[in-house]
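Chemist: Chain residues, written in single-letter form:
Protein chains: 4
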Amino acid sequence: MSDNSFGRLLRVTTFGESHGPAIGCVVDGCPPGIALAPGDFAHDLSRRATGKTRHTSQRHEADEVEILSGVFEGRTTGTPIALLVRNTDARSKDYANIASQFRPGHADYTYLHKYGIRDPRGGGRSSARETTMRVAAGVIARKWLAERHGIRVRACVSQVADLRPRGFDWDAVEANPFFWPDASQVPELETFMDALRKSGDSAGARVHVQALGVPPGWGEPVYGKLDAEIAAGMMSINAVKGVEIGAGFASVAQKGSEHRDLMSPDGFASNHAGGILGGISSGQPIEVSVAFKPTSSLRLPGATVDTAGQATQVVTTGRHDPCVGLRAPPICEAMLALVLMDHALRHRAQNADVVSLAPTVPGGRG
Amino acid sequence: MSDNSFGRLLRVTTFGESHGPAIGCVVDGCPPGIALAPGDFAHDLSRRATGKTRHTSQRHEADEVEILSGVFEGRTTGTPIALLVRNTDARSKDYANIASQFRPGHADYTYLHKYGIRDPRGGGRSSARETTMRVAAGVIARKWLAERHGIRVRACVSQVADLRPRGFDWDAVEANPFFWPDASQVPELETFMDALRKSGDSAGARVHVQALGVPPGWGEPVYGKLDAEIAAGMMSINAVKGVEIGAGFASVAQKGSEHRDLMSPDGFASNHAGGILGGISSGQPIEVSVAFKPTSSLRLPGATVDTAGQATQVVTTGRHDPCVGLRAPPICEAMLALVLMDHALRHRAQNADVVSLAPTVPGGRG
Amino acid sequence: MSDNSFGRLLRVTTFGESHGPAIGCVVDGCPPGIALAPGDFAHDLSRRATGKTRHTSQRHEADEVEILSGVFEGRTTGTPIALLVRNTDARSKDYANIASQFRPGHADYTYLHKYGIRDPRGGGRSSARETTMRVAAGVIARKWLAERHGIRVRACVSQVADLRPRGFDWDAVEANPFFWPDASQVPELETFMDALRKSGDSAGARVHVQALGVPPGWGEPVYGKLDAEIAAGMMSINAVKGVEIGAGFASVAQKGSEHRDLMSPDGFASNHAGGILGGISSGQPIEVSVAFKPTSSLRLPGATVDTAGQATQVVTTGRHDPCVGLRAPPICEAMLALVLMDHALRHRAQNADVVSLAPTVPGGRG
Amino acid sequence: MSDNSFGRLLRVTTFGESHGPAIGCVVDGCPPGIALAPGDFAHDLSRRATGKTRHTSQRHEADEVEILSGVFEGRTTGTPIALLVRNTDARSKDYANIASQFRPGHADYTYLHKYGIRDPRGGGRSSARETTMRVAAGVIARKWLAERHGIRVRACVSQVADLRPRGFDWDAVEANPFFWPDASQVPELETFMDALRKSGDSAGARVHVQALGVPPGWGEPVYGKLDAEIAAGMMSINAVKGVEIGAGFASVAQKGSEHRDLMSPDGFASNHAGGILGGISSGQPIEVSVAFKPTSSLRLPGATVDTAGQATQVVTTGRHDPCVGLRAPPICEAMLALVLMDHALRHRAQNADVVSLAPTVPGGRG
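Chains as they are written, first to last, in the working numbering: chain A, 1 to 366; chain B, 367 to 732; chain C, 733 to 1098; chain D, 1099 to 1464.
Check the hints yourself; a few may be wrong.
As the list claims (entries may be wrong) - When the alpha-carbon atoms are kept at most 25 Å apart in a straight line, the in silico DMTMM-like pairs for lysine to aspartate or glutamate are as follows:
1. D:K1353 / C:E920
2. A:K255 / B:E556
3. D:K1353 / C:E922
4. A:K255 / B:E432
5. A:K255 / B:D567
6. B:K509 / B:E432
7. D:K1353 / C:D1038
8. B:K418 / B:D537
9. D:K1353 / C:D914
10. A:K255 / B:D528
11. C:K930 / C:D1085
12. B:K621 / A:E188
13. B:K621 / A:D89
14. A:K255 / B:E554
15. D:K1353 / C:D926
16. A:K52 / A:E66
17. C:K987 / D:D1299
18. B:K621 / A:E190
19. C:K987 / D:D1260
20. B:K621 / A:D171
21. D:K1353 / C:D933
22. C:K987 / D:D1451
23. B:K621 / A:E66
24. D:K1241 / B:D719
25. A:K143 / C:D1085
26. D:K1296 / C:E990
27. B:K509 / D:D1267
Calculated from the structure, these hints are not laboratory results.
Taking the hints into account, I'd like the entire structure generated from these sequences.
Modeler: Given below as structure tokens:
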């Protein structure tokens, strides 16, 4: 169905297949007057890109963004912004053999059941290549959130397999290829990833995403809750199997007296809620945790069936990431930014006239 | 904003406050010809209701459903079905004092920031009373899914505080007030709950939800994925802080060779995916896990601020659940059923003509 | 499908059948803080009601509105406002015989084709009784538009059969039962209507609707244009067969030099555009004209088929309006008000920060 | 706001400005398996194109469609279909002077009020160039309607200024540059158009659109009525000021006994309803009439104000159509086809299981 759009007032529609001529998106609803140039997209697309280190897929995509519409003399005009990225390193021959079999853990089987037809080249529409355009659209949202509201969105990898950060320093995150918050563990991670790659197997990862500076009041009860739409946005990313807000599943084992974040004129005493109460932002940092499964594209053979229903073995020889979660932080940031900007617009639609009667309790740091 | 509706083709709009005259919903998009009578709602509403045991809130609501429209001579006509439930046991005086202070962990503070006005009686719109209408709407979805597709949706509590089921028997679930799958632990749970209630504190819970019999092909890539919308639906329920599909967060520590569900003509070898691949159902059971935080309404005093911004203490003396998760299984079932029915309709809109070319791999039991 | 809602940010969902227990609506997205009481609805509902003069249907409905939610201490809270009107004068026996035949010009045939089932009592969902709730919802929009923006919405009947106003005086409109702008023609209209009623036949009417005080800038290109949504809103009213904006069909025979509304610092020289350019309001009065067909419920026999496909004759003996257009002005006003309020909210969502660089050209009088 | 999309299940999003790098669209929700190639678009785009005769604008656009996604090995896959058309003959210098003044009858004034910024090159987003992509998207809808349902959509010009067809022959329509149904009048039209062009003025036109073969049952009461959405679609086309269904405004002067279309087992006796009853198709031809105003881009000087609010004169020297309605039939066909295909999908979503109990009354010829 027509479900390739995300957001209500800031509406992003993506299109394109992994090995088709191009991928792209239309960002509709962006306010006018925002400075925007093709160069704005390079940084985040590069953070997400493959082929930069030996720890990711060796596909090399230029990921150059062409702005097709919606910008005049360097500023958005309020009309739809179309962004286009040509696919340049699409080796479809790598995928010739998978047209006739279903890779376990992939969408091959379900797409064919759903549509009766599928584009097998690189996974077609189900490829994570689609997330490139989420990151591109997210650039616009991040710019607007930063310029209008001073909001900062950032993410790190907070678990790989069973490795967890021993220390936590946001400044370390962008200084290593693993988005890892403890610089001292980077050699350990490199060793782990090298061994993983050689084994032909793959690993899962957990990504932590945070937004700082979100004012209280964003989020739309009861089905457009901020956390509900964050959950949908994150779960719509390829390979995601779980989403937590604030304390998440740990809150099951908490007492109410421990979980509830007490308030005083000096601020909130804790942030187990993850910055959202009743589906509405509280002014505290928004805290989200996302589980990425290990990719199912392995050099290790796996039992499956072919399109004739016969038993067979699949071995993936294409260029794949041994840990897709390691490229996910920019994608998670983009999704959180898109949800937040959409909610900023939704909030002011209904509540632009509201004079808040509530005192502001400081939200604290992230 | 106008976000009190859920679903795209089966669209449920709920309305009503905890202590207003009534709560209700409009179910728009239900196919014609489904048998429906007021009595159909009693069973599930009773499973969700308070006041049946000492372990839940002592508010007694009749929860009688009046069908206002959309049904003629006992069958749905394809026009909107409006359901109405009058509030009968609304003791607003219990809440008089909370109008001037913000309960920690509640939506009082965020609602006032958002709207500049709030209905403090029983939490108003942010009360879990709203979920009554989700359960009512879910009854229609469950009927349709069962009759048309033989689908069964069920749920249990799979964790309370740090108590976990030792055994697992679906048949035990409906035979105790805790939706607990191991009958032998019921006395232990009763002791725990009695102590909890006396302590004035509260506990979290984890709910497991399952759908059996969903055919392969439901779900709409890439932003209307089945798992994305399940996540949104669950996260929109009061007190939910996390959602997992299949292996969920455990998949982070899995190897790809362990996580991917191998296939053979005899069926899938496992179900770590939780029945969803690429956002589309695979024919395996849909498996979802949901984290409910401990309620923040406690008899234990907690620091907060009042509406003038001054420090104060809050003590909740109203009738509250010490573990809201214990009443959540029918709500989670309803949300899953609503998502599934919506997706069934969406799938056939686009794909009614599709002749599936894929062989069917048995999905196995739940 | 789920198409019983109107509007994007101010979203009105109506439900109910002509002879069911009740009709109602949910107004979602109304800003908080608007004063609202049950009595606010009486005036407009009475203007639309049947049974006040011999020129309309003799059905007597109390049309008392109960506010079920969304209002606290006399003010809207930003949560959904549910309104309920019980049906009290539903004589279903009047309609017993039409269950087995299709009234020509009615929706009987198409509803049965669509749904395979229909509620024949008074036309069920296809009855103009549904428009009661449009008028009720419109009351909220009119209040908000008047209070926030000083906007006034009004309508008159500008043609009945081939009778047209000779003079035009807005002050006359509410002083006669025909919403007619020339008081001197009222006796002529009474004579015409008496003869029409006695003949058993019916007449069409044209309604002119106007909004004064709409600021420039409302309307969303290119598919949410203000005129596009006004057209949809009007055409969704029962019996409407045509909609014009400004000069409408007369613009076909105009020269461009005649049609285009010249501008000067003193204002627009004319208003052939009807207050909308490029789908966006220009600050001039919004001018809309709507064609209502003559009702097909006649005492004169008409050839049709029965539900078995056999030829038969239909004679309508129920209580019907000989000219449905005579009750339509309040409905058209409501639809225009709902579209305008929705667009006001949409405009500020995207453009709240816009500093208009355009000089304001006076829009002139209506 | 995010209103550059049309349709609910077949959802078309267009983007692009008249003189930007490209225009394009994303068609989301198209069923899989439809044969589609770039060449399919040429015929209809050529019918709409400028520069073919002296009677239209002399802008020459190649209008070559690139399919960027959604098609694999010549068939749609069910994923979004992105279409791209590069702008090649954009002479922005023609428009340099209009950046500082408001053309009367154009959207210059309203866009600047709305957005505080505008792209003046060729009207930017408000240019009729956007309709190119409607025609392109409409090609897909027309193919699907024809192949699946045998539906044919066609249009003609039925009035230019005060010239009306004396005879009516659908076969004549595509044989002259005026889409005129009476071949004998073509010389008269040429003379009229030549004189009009020389005068520097412009003329309006009326377009008649028809769909043959639509089965009974399409259309979604009460706000998604087939006629309501046709009206919205037509009114969203540049320069449209009025829409009629069936008898349209003529129904005002009809008696009910004349207007209602009597039925017999042999078929409907007339089609004043225009093929739609209660918002649902009746199986008769869908008949729609659309009013196009005369373009406001004239060589004749006109009074206006500049962006500083000072009085000035505007003279349009760019390449413009003296009668935009003459290029509108393919656009109106496209919009009708898009609405119909969307409704076909919506109908089967809810009603795929319906066994119609209604006998079928022949709908007759167009």
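Chemist: Evaluate each hint against the coordinates.
Modeler: So, going through the hints one by one against the coordinates:
1. D:K1353 / C:E920: 18 Å, holds
2. A:K255 / B:E556: Holds, because 17 Å separates the two Cα atoms, which is no more than 25 Å.
3. D:K1353 / C:E922: OK: D:K1353 and C:E922 at ~17 Å, within 25 Å.
4. A:K255 / B:E432: 38 Å, violated
5. A:K255 / B:D567: 7 Å, holds
6. B:K509 / B:E432: 18 Å, holds
7. D:K1353 / C:D1038: 24 Å, holds
8. B:K418 / B:D537: Cα-Cα ~21 Å, so holds.
9. D:K1353 / C:D914: Cα-Cα ~23 Å, so holds.
10. A:K255 / B:D528: 10 Å, holds
11. C:K930 / C:D1085: Outside the cut-off at roughly 60 Å; violated.
12. B:K621 / A:E188: 18 Å, holds
13. B:K621 / A:D89: Answer violated: B:K621 to A:D89 is near 28 Å, above 25 Å.
14. A:K255 / B:E554: At roughly 18 Å apart (the allowed maximum being 25 Å), B:E554 and A:K255 satisfy the hint.
15. D:K1353 / C:D926: 15 Å, holds
16. A:K52 / A:E66: Holds, at roughly 22 Å.
17. C:K987 / D:D1299: Within the cut-off at roughly 7 Å; holds.
18. B:K621 / A:E190: 17 Å, holds
19. C:K987 / D:D1260: With a Cα-Cα distance of about 10 Å, the restraint between C:K987 and D:D1260 holds, given a limit of 25 Å.
20. B:K621 / A:D171: 29 Å, violated
21. D:K1353 / C:D933: 7 Å, holds
22. C:K987 / D:D1451: 53 Å, violated
23. B:K621 / A:E66: 38 Å, violated
24. D:K1241 / B:D719: 15 Å, holds
25. A:K143 / C:D1085: Status holds; Cα separation ~15 Å.
26. D:K1296 / C:E990: Roughly 17 Å separates the two Cα atoms, so the pair holds.
27. B:K509 / D:D1267: 54 Å, violated
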